[in-house]
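Student: Okay, here's what each chain looks like letter by letter:
There are 4 protein chains.
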Amino acid sequence: MGFEPSARAQELIERVMSFLETEIEPVEAELHAATKNAADPWQPQPAFKDLQAKAREQGLWNLFLPSAEPGNEQYGEGLSNLDYAPIAELTGRSFLAPYVFNCNAPDTGNMEVLLRYGTAEQKKRWLEPLLDGAIRSAFCMTEPDVASSDATNMAATAIPDGDEVVINGRKWWSTGIGHPDCELLIFMGLTDPDAHRYARHTMVLVPRDTPGVKVERLLPAMHRYDEPHGHGEVSFTDVRVPAENILVGPGRAFEIAQGRLGPGRVHHCMRLIGLAEHSLELAVRRGLSRTAFGKPLVNLGGNRERIADARIAINQARLLVLQTAHLLDTEGLAGALSEVSQIKVAVPRMAQDVIDMAIQLHGGGGLSDDFPLAAAWTGARALRLADGPDEVHRGVVARIELAKYKESE
Amino acid sequence: MGFEPSARAQELIERVMSFLETEIEPVEAELHAATKNAADPWQPQPAFKDLQAKAREQGLWNLFLPSAEPGNEQYGEGLSNLDYAPIAELTGRSFLAPYVFNCNAPDTGNMEVLLRYGTAEQKKRWLEPLLDGAIRSAFCMTEPDVASSDATNMAATAIPDGDEVVINGRKWWSTGIGHPDCELLIFMGLTDPDAHRYARHTMVLVPRDTPGVKVERLLPAMHRYDEPHGHGEVSFTDVRVPAENILVGPGRAFEIAQGRLGPGRVHHCMRLIGLAEHSLELAVRRGLSRTAFGKPLVNLGGNRERIADARIAINQARLLVLQTAHLLDTEGLAGALSEVSQIKVAVPRMAQDVIDMAIQLHGGGGLSDDFPLAAAWTGARALRLADGPDEVHRGVVARIELAKYKESE
Amino acid sequence: MGFEPSARAQELIERVMSFLETEIEPVEAELHAATKNAADPWQPQPAFKDLQAKAREQGLWNLFLPSAEPGNEQYGEGLSNLDYAPIAELTGRSFLAPYVFNCNAPDTGNMEVLLRYGTAEQKKRWLEPLLDGAIRSAFCMTEPDVASSDATNMAATAIPDGDEVVINGRKWWSTGIGHPDCELLIFMGLTDPDAHRYARHTMVLVPRDTPGVKVERLLPAMHRYDEPHGHGEVSFTDVRVPAENILVGPGRAFEIAQGRLGPGRVHHCMRLIGLAEHSLELAVRRGLSRTAFGKPLVNLGGNRERIADARIAINQARLLVLQTAHLLDTEGLAGALSEVSQIKVAVPRMAQDVIDMAIQLHGGGGLSDDFPLAAAWTGARALRLADGPDEVHRGVVARIELAKYKESE
Amino acid sequence: MGFEPSARAQELIERVMSFLETEIEPVEAELHAATKNAADPWQPQPAFKDLQAKAREQGLWNLFLPSAEPGNEQYGEGLSNLDYAPIAELTGRSFLAPYVFNCNAPDTGNMEVLLRYGTAEQKKRWLEPLLDGAIRSAFCMTEPDVASSDATNMAATAIPDGDEVVINGRKWWSTGIGHPDCELLIFMGLTDPDAHRYARHTMVLVPRDTPGVKVERLLPAMHRYDEPHGHGEVSFTDVRVPAENILVGPGRAFEIAQGRLGPGRVHHCMRLIGLAEHSLELAVRRGLSRTAFGKPLVNLGGNRERIADARIAINQARLLVLQTAHLLDTEGLAGALSEVSQIKVAVPRMAQDVIDMAIQLHGGGGLSDDFPLAAAWTGARALRLADGPDEVHRGVVARIELAKYKESE
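Residue numbers (UniProt numbering), protein chains in the order written: chain X, 1 to 409; chain P, 1 to 409; chain Z, 1 to 409; chain G, 1 to 409.
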């Protein structure tokens, strides 16, 4: 009853928490500073690889991996969405943790795609090194020249040509492409503009070093480059890859994209909840320890009310995400479509507001990088656009709501 | 996993839903009109008693009753809070239903108090006729002359005097006191101003017809008198009742009040969720069926976004209340103190906003009494004050939140 | 510089304020109670007529009257919109005052229509007794069966037939029609469904006692009937009036309605600002005088912040209305279209929020009719629908905003 | 009537607008890129100095300068606050413009302090080169180790010692200190902890190159360093300057700070209004030119409503700032204390919300630095803390509001 994790998940939660406290938190600020001050911030810090090795050794690795489907048993017995959710929440408390545990976007989503839609050969070539953390990947969908909130707008092309497919166009916000280990791009392009709206586009596996692929620049998201991962603007000029690099088949991109959506959004949202929880904790600690006008900050004006509102908002948001994870586990994406969009609307907005409050309690410090709050806030803001803007998700929720009554009118 | 009701509850939910659809909804408007147009609106409509009889016959009666504690087995095997919650939600869809099922405030809370704290004699005298629906009761706590949000402010007195207790003072918002069947008042008064803050007040059972009890007037709540139940302002002038009418003992009022709180707030909140759901349904139906500027209203401006936001808000609120009910069941009030206050803040505000949206989609009709929305809206507003104003509950939530960190500072 | 009133207006403001304090405030609660407790609340209280007489005697009468246009000099030298605005604000502090000063909706708008569009004969017959306060009037536009937010939806008909015009259909929210002195209805009906969207409807003067006019019922607005004025649902069955009762000409209704809009909305908004100011004053006084948890309420939690936010919101709203009045004076309605809609969106919402806060500080008292807050709150809510719902006005503002850039795209 | 600028101001407004369009806008992106890509971004771009020279030549220089007080005539005839306000709004449309016109914080505030409180010698030494744009300055008040929202908390010391004053402590958010031309620091320190709360602190002029002054680091504000100006953390270790560098006298810091407040906040707020206007313009243009789901973005969901709300919010905010400027001009700071705090609460929040909406309409582009929106958004956020957090200003507004009624209770 309720959303208590399974015994196996509970044990993992405790070990992840302990790893966070003993291995990651003590070095995180140092590692960020090392990256920031490095001659080349795009080179991953060696200490980071050590953390990964330690996490892997302890079995805290690829925990995002979904429950095995027939034919995928060799990739391990995954957790249910509901069991993974509190682990994702914990990793969200730290900007480093998702990477340390090999549970970061977009690699998780890309691995899921390969797991579910890849051929045995594709799994061997790309999935296995990704699961090993040996390589990294990017997802190339959003485009600078069209309103990408409507994914059918995508105009970059993937045109089959004999036993090859030819790719042209420009993508941006290809996250992770700045990393030196990024070797695989999953590209979505227009193949047949005359097909049904959702059958026009194709997904193709593109090795990063294919001729014609060029990272034009790395983009700051709210002034941060997120080194060493980065967000790239990428041009594709007559890029040719073998036709077998097409995932599933031409025109199947939307079908594949669908599969990525549910769990990916649950992960994003649970991490944001972890971030909001951490921010609330920082706010309370700061508010208790600093004094103005003769009182601890928490006792001034509406600060206690705001702390209460943050607690209420976090709790409601978490329950909605857990419920969504539960629905995904029990009814699949089709039974959770509205909920997946609901959390995507509710959680980033909630997180942004909670973090905003925490910043306010930190005064000038909240704007600096002495605290993780500024990065948390701009990160939460970015997630109101990434993976579909709020407005599109509200549209999905409304459509499903109206459908309940339309027939009966 | 999740908050699925038990098999027993599921069966009751279906029967309550069916009763609502077949027995209550078809006659509700008519019954309200009959009351409104009656020569004396304070006389309950005979048709209402018939509905009660039918509900009782079908076993849809006193479903709020908590799980039996030792010594109370004869009053039946109650439902858990989590199992009763969806039933309460259903009854909230109608203003009549809680009364039809003998599950309305404040009688439910008063019955719980008697069940838990009453002597065998008190149960026989008051609890049994209340459970039978033969009499009604009121709760006399709030006072016009002090800020009653701080319950320790209560100034009306209950002074033991030999084998009697003497009551003086003035109360208001004594809900239900306008009903001709109201025979019992539970009165809270100051006994010892020098005792500890939470040991000064006493609860006393006062028969409605005791000399010195006078209903000075019936109060409109946002312009509605809620006939035939009503909200009274009541003066107590040298009212004398036997000392054995004191519940538990002098100075024990806060201890008793505590026991009322948790379930009562879950009930209020679940009913509001039912009301919000019903309002959203009305909003969508209206928005689909009316046309302006050449389109159904739902397709104009931000209407779909507002419908989506309402869906998200209701879902989050419901999960928080279910989680609170679950905590009450598994950890008792002590383990759910923050959550009980969280829902009391979150749910009425959510309901008020959802209903406001529904009114807006109904245009002028939404302001009239052709739809239940105006009454729903002002009712939700009133619940931001009744049972403790939002601000006090936020204070509770904040205090518990701060306590997590205070020791570690 | 700024929005200081003229010397003449300043003098009137002071006299209106003094009249409010000495004549109206002392008797207002009593007068409301007398109406409420009367055998027939639809009969105006005699004391009310005395107040009107006194106001008129002091020259505080018809102050809303716009500046004279050529041909209307005999109706007096009106104030500019900017000069009348602070007077309207003052009258908004009391529910009675607008009537006492003969400055209440819808009579003001109806008088303006007659002044601007009436023939000499129509002025003599209807305008003069309205200016005298001898009769009252209603405006019959909104319909129960169509979404009236789109005024072109109006389906009741006004069909010329020889030297008569025949009226059929049903209207509701015809404010003022419950008053025994209401003798004139201004009716808007469909004449030519094939004409241009804004040339289909006609306005007709209909004497209240014309055969076929029936007040089907009086509607409560958020549970209040607003006796003795009321809001009626009115049926028109083969109602025949002389063709010269058509205002201006067939198909000219929208043109006439336009002229009503600007000043009427400024008046509504300024009255709401007065109501919000009065509510804030009540909130502060209550918050200073009541104590909970050992402190005056104003010093608890976020109460001071809410008071500050109310002050800021009122000040911003007032300035926007004054600016709109100033634009109406200097550039006419065409130069103030966006602003007139802006205030209609901003002010009722602001007032609703400020009053909500004041209610919260009054606890249960705020829900009762011991304070004007409950009526203020539901009244402000109603104004988010009356005179066009917020959504329609936002649409106007957006259209004008977009037009600034459309040509340049 | 209204807030029309004087003829002189109107002429300046037009020239500033034209300068913005012809001189600044065409090169701004380029200049920002040049700074960003420079080997040393802390070296001002030569092109910038050219712009300044051109602005100065055209008389668009030091326009912020307040109206001359006796003894200051040689520094020119300044504009009233109301006349300068729309010019400040224009400069806010560009991040560069305030610097180009020598009208940027904190130099403006520092120049005002010198103008009003400096000796003739101090004016000659510091004010004149500041007015010339030959040097720059910083203001050292906020401290990392105390809650600086309560300015009486400031713990860094300024201790008179014979004919010197000795300075010790640590400041941060000293804006402008990263610039190579920054030669003057105005330092606020504790002199006499036993004096009256507002008479403990002293302001001292400290040449940037005095031994013991060390910029420990430059702080990012929401990830931006704002090169070449920057925000510094500065340590002062046994810094000794002549006693005549004390402004006015020991213990007079609060008195001096007061004088800075009013106009400085009007400037900040008007610039934010310019930024919000510019963001709204970008939002509308983007919304008209991009298409999703077959429609221009502006016609999707609630976008038009949000554009309307932005227009309404900007207009209300602007009027409140103009009213505040007018009060400062006519009644001085004492007559505008509440309003100065009101705008400081209302305007940054409004700007943050409007810009947030504009970002949302820009999709991923809104997060990048291809548009000024990300910088605008984080800048508006920072201003909810800089110059006093919202909560402190709400406290001022509430205090003044309560004082209206306190005596009468």
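Treat the hints with care, since some could be wrong.
[As the list claims (entries may be wrong)] If we take Cβ atoms under 10 Å as the criterion, some of the chain Z residues that face chain G in the derived model are:
#, residue
1, 303
2, 320
3, 334
4, 393
5, 397
Hints are computed from structural coordinates only; laboratory data are not their basis.
Glycine included, C-beta positions come from ideal geometry on N, C-alpha and C.
Student: Now look at each hint and say whether the structure bears it out.
Tutor: Evaluated hints:
no.: 1; hint: 303; in the structure: holds (8 Å)
no.: 2; hint: 320; in the structure: holds (5 Å)
no.: 3; hint: 334; in the structure: violated (18 Å)
no.: 4; hint: 393; in the structure: holds (8 Å)
no.: 5; hint: 397; in the structure: holds (4 Å)
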